[in-house]
Amino acid sequence: MSLIDRLRKEARGEPLKAALYARFSSDNQRNESIDAQIRSIQTFAKAQDIVLVEEYVDRAKSATTDDRPEFQRMVKDSAKSAFQLVLVHKLDRFARNRSDSMIYRMKLRKNRVSLLSVLEPLDEDRPESIILESVLEGMAEFYSKNLAREVRKGLKENALKCRHTGGSPPLGYDVDKVTRKLVINEQEAIAVRLIFQMVLDGSGYNAILLKLKCDGYKTKAKRDFGKNSLYEILHNLKYKGWYVYNRTAGRDPYTNKRNSHLKNSPEDMIIKPGGVPAIVSEDDFDRVQQLLERRKHHSYESKRNKEKYLLAGKIFCGTCGCAYVGNRKNSVGNRRPNITYRCNNRGRRTVSACKNREVNRDYVESFVLEKIENAIFNKRMVGIVLDQFQEYIRKKNMEKSETLHRLEKMIQDCEKKQGNLSDILADGVDKLQQNLLLSKLEKIEHDKLELQGRLEQEKAALCINIPDKRELEECFIKARMMFRNKTLIEMKQLINLYVEKVLVYEDEIQVILNLVPSFYRHDFTKKVYTISRDELRHFQGRKKEKIL
Numbered sequence: 001m002s003l004i005d006r007l008r009k010e011a012r013g014e015p016l017k018a019a020l021y022a023r024f025s026s027d028n029q030r031n032e033s034i035d036a037q038i039r040s041i042q043t044f045a046k047a048q049d050i051v052l053v054e055e056y057v058d059r060a061k062s063a064t065t066d067d068r069p070e071f072q073r074m075v076k077d078s079a080k081s082a083f084q085l086v087l088v089h090k091l092d093r094f095a096r097n098r099s100d101s102m103i104y105r106m107k108l109r110k111n112r113v114s115l116l117s118v119l120e121p122l123d124e125d126r127p128e129s130i131i132l133e134s135v136l137e138g139m140a141e142f143y144s145k146n147l148a149r150e151v152r153k154g155l156k157e158n159a160l161k162c163r164h165t166g167g168s169p170p171l172g173y174d175v176d177k178v179t180r181k182l183v184i185n186e187q188e189a190i191a192v193r194l195i196f197q198m199v200l201d202g203s204g205y206n207a208i209l210l211k212l213k214c215d216g217y218k219t220k221a222k223r224d225f226g227k228n229s230l231y232e233i234l235h236n237l238k239y240k241g242w243y244v245y246n247r248t249a250g251r252d253p254y255t256n257k258r259n260s261h262l263k264n265s266p267e268d269m270i271i272k273p274g275g276v277p278a279i280v281s282e283d284d285f286d287r288v289q290q291l292l293e294r295r296k297h298h299s300y301e302s303k304r305n306k307e308k309y310l311l312a313g314k315i316f317c318g319t320c321g322c323a324y325v326g327n328r329k330n331s332v333g334n335r336r337p338n339i340t341y342r343c344n345n346r347g348r349r350t351v352s353a354c355k356n357r358e359v360n361r362d363y364v365e366s367f368v369l370e371k372i373e374n375a376i377f378n379k380r381m382v383g384i385v386l387d388q389f390q391e392y393i394r395k396k397n398m399e400k401s402e403t404l405h406r407l408e409k410m411i412q413d414c415e416k417k418q419g420n421l422s423d424i425l426a427d428g429v430d431k432l433q434q435n436l437l438l439s440k441l442e443k444i445e446h447d448k449l450e451l452q453g454r455l456e457q458e459k460a461a462l463c464i465n466i467p468d469k470r471e472l473e474e475c476f477i478k479a480r481m482m483f484r485n486k487t488l489i490e491m492k493q494l495i496n497l498y499v500e501k502v503l504v505y506e507d508e509i510q511v512i513l514n515l516v517p518s519f520y521r522h523d524f525t526k527k528v529y530t531i532s533r534d535e536l537r538h539f540q541g542r543k544k545e546k547i548l
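Under full-length UniProt numbering, the first residue of the sequence shown carries the number 1, and numbering increases by one thereafter.
A couple of the hints might just be wrong.
To be verified - Here are the simulated distance ranges between beta carbons: (1) Asp423 - Arg59: 39 to 47 Å; (2) Ser203 - Leu160: 31 to 39 Å; (3) Gly216 - Glu373: 24 to 32 Å.
Hint data in this document are derived by calculation from the structure and do not stem from the laboratory. Being a predicted model, the structure only gives us computed values, none of them experimental. All C-beta atoms in this analysis are idealised placements derived from N, C-alpha and C, irrespective of residue type, glycine included.
Full structure from sequences and hints, please.
Here is the structure:
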């Protein structure tokens with residue numbers, strides 16, 4: 001099923017809505033005009049019964065920057081569910097390079113909006129596109145980290161000198177304009193000392209918040225205190241005189257959200273005891289940390305968090321044939337839950353109930369992911385992807401040659417009809433016939449423009465930029481790391497593509513993979529991997545085990 005067919009099915013009978021994005025820059029090598037881009041997109045949309053609900057056009061804007069007002073408005077509007085598709089003339093109209101392209105594609109995808117070029121044949125729902133996009137998305141991670149590293153260079157130098165590195169200083173501190181170091185704001189420091197003292201006296205968050213509100217204390221932003229602001233104050237090492245830089249983890253690269261409770265590892269921080277004037281004593285600060293730690297619930301709450309099961313629909317019982325389904329239960333005396341796959345026919349009070357054992361989710365998923373990783377993210381696959389993609393393009397071009405010939409013939413017929421009608425007009429006709437002939441000429445001209453637009457699309461589709469081997473090798477490394485860490489967006493898609501099924505037997509697990517899919521024939525080479533339950537435990541490297 002193509003991308004457009006899938007979107008139309010999801011629309012449930014409603015018209016498929018799309019936004020048009022076009023861009024013209026003075027350094028455009030092909031000198032494609034805005035009008036030509038818009039006409040090509042409109043022709044494509046009309047042929048596909050797609051409704052264009054909005055147009056975003058950046059004129060004389062280079063794609064070497066994402067500071068394009070209409071482009072940014074389009075990305076922002078994608079969150080409003082006004083359209084399901086963004087149509088561009090070519091992908092180079094969307095972004096300057098693959099790094100920018102993947103970053104903004106992920107933003108659109110988060111808003112359930114797809115991107116489609118009317119002149120390039122790739123369809124994001126096809127197997128070859130899934131693999132190529134998953135490889136190229138590795139570049140997005142590299143781009144973000146490289147940019148962040150450059151920015152941090154100057155900040156790190158300031159941090160080594162215990163200087164403030166930007167942003168609003170914590171409550172109780174101001175920034176000295178000359179030295180750029182933190183100095184105590186005595187008026188605000190009263191509230192900070194009150195918070196620590198009340199914790200030492202045994203007060204909880206609610207009591208502290210009520211006291212602060214009654215006494216009129218506010219946060220640095222002049223707002224009422226909340227539990228999050230109390231948490232940040234009570235865990236901020238600066239209050240005991242320690243300068244800390246890079247303690248809080250950065251924003252998530254995909255959601256762009258920050259979890260202020262998530263901390264970096266000590267080796268990634270700069271910590272200098274005595275680098276900041278202390279507001280509370282080090283002894284009081286440490287005693288508060290001990291109290292807060294003891295307040296944590298020691299018995300694990302039986303809250304059933306939504307777990308992810310990557311092999312759902314792919315893992316089956318080798319004994320009875322039923323599906324293995326996700327199962328989560330708490331361990332006695334252990335805060336960590338046991339998350340497994342178990343036979344859906346197990347535990348039933350019937351004669352046919354299955355007695356096959358559960359299998360640990362992390363164990364079996366790690367084994368399957370390693371086999372997929374070794375199969376697709378390796379240097380051998382770089383050549384396979386290039387060769388088969390080139391073959392795919394060759395076959396597509398062969399299919400299009402007849403279409404090109406037919407369109408050219410239709411355009412010639414239109415021009416011939418125009419010539420004949422022009423000759424009749426030149427010979428002289430009455431007013432009524434003249435109006436009829438002019439009306440026919442107008443319709444023929446409209447048809448010819450549509451045919452020329454389709455011809456332009458077909459010709460442009462014959463030439464597609466294919467990444468070279470070196471680029472793919474670099475991207476394969478990035479994608480492999482993201483796949484291994486389960487952060488790749490296409491995790492589930494790749495599993496659906498490559499895993500035929502996983503069979504769980506009493507003593508072993510069998511994984512059947514579809515390796516090296518042929519993009520243009522969609523046939524597969526199957527390979528079977530078998531591992532015993534004991535070997536699976538050893539593979540995962542965990543000594544403590546109760547389920548497998």
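Going down the list of hints, with the structure as the test:
| no. | hint | result |
| --- | --- | --- |
| 1 | Asp423 - Arg59: 39 to 47 Å | holds (41 Å) |
| 2 | Ser203 - Leu160: 31 to 39 Å | holds (38 Å) |
| 3 | Gly216 - Glu373: 24 to 32 Å | violated (58 Å) |
Going down the numbered hints, you'll see the structure goes against just number 3.
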